[in-house]
Amino acid sequence: MTARPEVSGHGPDAGPLMAVIEVEGLGKSFEKGIFALKGVSFSLSRGQILGILGPNGAGKTTLIHLLLGLIIPTEGEIRVFGERLSPKTRGRILGRMNFASNYVSLPLALTLWENLMVYAHMYEVPSPRPKCAEVLRMFELYHLKDKHTKSLSSGQMMRLCLAKALINDPEILLLDEPTAGLDPEIARKTRHLLVELSRQRGLSVVYTSHNLWEMQEVSDRVLFLMAGEALLEGPWREVLGKYEAGSLEELFFKIIEGKRTPGPSRQGSKR
Amino acid sequence: MSARRLWALCLRQLYLYRRSMPRLLEIFYWPTMDLLLWGFVTLYLQRNATGGIPVFVSYFIGALILWDVLFRAEQGISVSFLEDMWARNLINIFVSPVTVPEYLLALMIISALKVAAAFSVTSSLGWIFYSFDIFKLGVSLLPLALNLVAMGWAIGIFTTALILRYGLEAEILAWALAFLFLPFSAVFYPVEVLPHALRAVAMLIPASHAFEGMRAVIKNPGVFPAGQLAMASGLNLAYLLVSAWFFMRVYKKALIRGIIPKIGE
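In order, the protein sequences belong to chains R and Z. Its first residue numbered 70, the first sequence is counted upward by one per residue in this note's numbering. Its first residue numbered 11, the second sequence is counted upward by one per residue in this note's numbering.
Hints are computed from structural coordinates only; laboratory data are not their basis. Possibly wrong hints are sitting among the right ones.
What the hints assert, rightly or not - In silico PhoX-like links for lysine-lysine, alpha-carbon gap of 25 Å or less: (1) 101/R / 229/Z; (2) 146/Z / 229/Z; (3) 219/R / 258/R; (4) 157/R / 272/Z; (5) 272/Z / 262/Z; (6) 101/R / 263/Z; (7) 219/R / 272/Z; (8) 157/R / 216/R; (9) 214/R / 258/R; (10) 263/Z / 157/R; (11) 157/R / 262/Z; (12) 323/R / 311/R; (13) 101/R / 262/Z.
Claimed, not checked - A few chain R residues facing chain Z, derived, Cβ under 8 Å: (14) 134; (15) 176; (16) 183; (17) 192.
C-beta: ideal position from N, C-alpha, C; glycine also.
Build the full structure now, drawing on both the sequences and the hints.
Pasting the structure below:
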């Protein structure tokens with residue numbers, strides 16, 4: 070395992086602290102007084118990869134959905150590309166982002182090629198056909214392009230979703246458990262691809278995963294959520310040093326078992 | 011409003027229907043069965059009527075064809091939305107730059123294509139089996155049909171909002187809600203047949219004016235039902251505005267309540 074060197078922003082012309090996402094005091098309550106997410110703050114620079122970790126129900130997916138504008142926050146603010154994310158600015162911002170999730174599918178009755186062509190037009194990609202071919206090749210799916218999406222295995226479906234997520238050359242990529250269901254070889258290639266894209270094109274990535282080794286390999290920074298609150302945030306080496314942990318996995322168990330950190334003063338539980 | 015995004019949303023549906031026989035049958039099967047069944051029933055009744063009801067078949071066949079225009083327009087909206095919901099694809103659309111007005115407009119375009127396809131079949135069958143030429147409605151046909159399409163869209167958008175709010179358990183509304191209007195829309199009988207209290211209800215339904223207009227033209231060819239069309243158009247405008255407002259309100263609530271990521275589950 071080769072851990073990613075700790076740097077701030079890998080984009081070709083990226084200023085080291087050029088924030089593409091700034092989150093300040095973000096909170097979401099689905100029921101009065103019960104917060105699924107509370108007081109979360111962080112920023113992400115161009116070309117950085119932020120790994121969000123935490124146990125089930127910690128608020129990781131809710132955070133991703135808030136960043137996509139699929140959920141309106143109860144409190145706090147999200148700024149993307151320096152612009153406040155709101156229903157009015159959302160469309161403009163979303164054109165420069167993309168998303169893939171292990172829990173979201175693409176229409177099964179369409180072929181892989183058709184699905185990607187639809188999204189290439191949706192994101193107004195200048196040359197849809199070459200772009201569709203490029204992303205299919207990137208995930209080793211080109212030979213399946215005329216197959217129905219329903220014939221794909223779950224791992225191939227995830228790769229197609231990732232291909233769709235890169236169709237518009239996004240500047241920010243939000244991924245919810247992107248390597249779940251992928252075989253180790255494809256998962257490794259996907260991780261390498263993400264790192265390469267962040268280094269070469271300045272792609273910023275926010276992603277959730279339960280695979281902490283993977284997160285350590287790929288991420289520049291980590292955000293540890295528990296019961297809706299951000300317990301830790303920062304470059305993972307720094308975080309490990311602070312908590313005298315040898316790995317993110319060790320850190321995870323230390324926090325979960327409450328050995329190093331007192332329990333969060335959460336106001337409620339996730340709905 | 012982006013033409014390419016509209017094209018993308020339509021393309022998704024066109025790809026879907028291009029090779030799906032069950033979906034194509036869904037557009038053509040029921041209107042064909044309705045037309046055959048009720049058309050022959052009407053012929054039978056006409057032959058056995060002692061007093062004679064000369065334009066009865068024309069009324070009935072015309073009503074069947076035009077009611078199908080309304081119903082297909084409604085289905086074109088709500089079933090297309092359900093297709094994205096069943097495919098767990100709605101999130102991908104709602105996290106793209108597609109705006110809600112673009113999405114609704116694309117559903118309307120898809121709906122219009124489905125109506126045109128179904129209408130071509132039902133109008134041909136009406137001519138083949140019953141010698142009924144729907145185009146004898148002349149210049150009135152287009153505004154009558156457009157009013158029925160508009161009412162179908164309004165019901166479809168309203169239904170879609172309810173499905174967005176209540177999820178898959180509300181999907182039955184996509185097939186049911188239009189029929190709520192059927193008894194009061196004067197489709198197969200004139201408004202005067204209804205009890206007094208229900209006539210007032212019928213007057214508030216755009217389709218009742220459109221179907222009264224259709225009967226007026228069949229009875230007196232060459233007549234242009236301007237009054238009925240004006241009433242239908244005014245009511246349709248109100249229906250469309252209310253349904254669009256309702257959809258936007260439900261959508262905004264869905265963003266607050268976090269419904270969209272869970273829709274389809």
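Against the structure, the hints come out as follows:
1. Proximity of residue 101/R to residue 229/Z is assessed by CA-CA distance (about 62 Å); at most 25 Å being required, the pair is judged violated.
2. Distance check on the hinted pair: residue 146/Z and residue 229/Z sit about 11 Å apart at the alpha-carbon level, within 25 Å; holds.
3. Under the criterion of a C-alpha separation no larger than 25 Å, the hint pairing residue 219/R with residue 258/R is consistent with the structure, at around 24 Å.
4. Restraint check for residue 157/R and residue 272/Z: satisfied, since their Cα atoms lie roughly 23 Å apart, inside the 25 Å limit.
5. Distance check on the hinted pair: residue 272/Z and residue 262/Z sit about 15 Å apart at the alpha-carbon level, within 25 Å; holds.
6. For the hint pairing residue 101/R with residue 263/Z, the CA-to-CA distance comes to about 15 Å; that is within 25 Å, so the pair holds.
7. Between the alpha carbons of residue 219/R and residue 272/Z the distance comes to roughly 21 Å, so the proposed pair stays at or under 25 Å and holds.
8. For the suggested pair residue 157/R and residue 216/R, the alpha carbons sit about 38 Å apart, so the restraint of at most 25 Å is broken.
9. Pair hint residue 214/R plus residue 258/R holds up; C-alpha atoms about 20 Å apart against a cutoff of 25 Å.
10. For the suggested pair residue 263/Z and residue 157/R, the alpha carbons sit about 15 Å apart, so the restraint of at most 25 Å is met.
11. The suggested pairing of residue 157/R with residue 262/Z holds, with an alpha-carbon distance near 12 Å, which does not exceed 25 Å.
12. A hinted pair counts as satisfied when its Cα atoms are at most 25 Å apart, and residue 323/R with residue 311/R qualifies at roughly 12 Å.
13. Between residue 101/R and residue 262/Z, the direct Cα distance comes to roughly 18 Å. Compliance with the 25 Å bound is thereby established for this hinted pair.
14. The criterion of a C-beta within 8 Å of any C-beta in chain Z is met by residue 134/R, whose closest approach is roughly 5 Å, and the hint holds.
15. Nearest Cβ of chain Z to the Cβ of residue 176/R: about 4 Å, under the 8 Å cut. The hint holds.
16. Taken as an interface hint, residue 183/R checks out: its beta carbon lies about 5 Å from the nearest beta carbon of chain Z, inside 8 Å.
17. Because the smallest distance between the Cβ of residue 192/R and any Cβ of chain Z comes to about 6 Å, under 8 Å, the interface hint for this residue holds.
Hint compliance for this structure: hints 1 and 8 are not met, and every other hint is.
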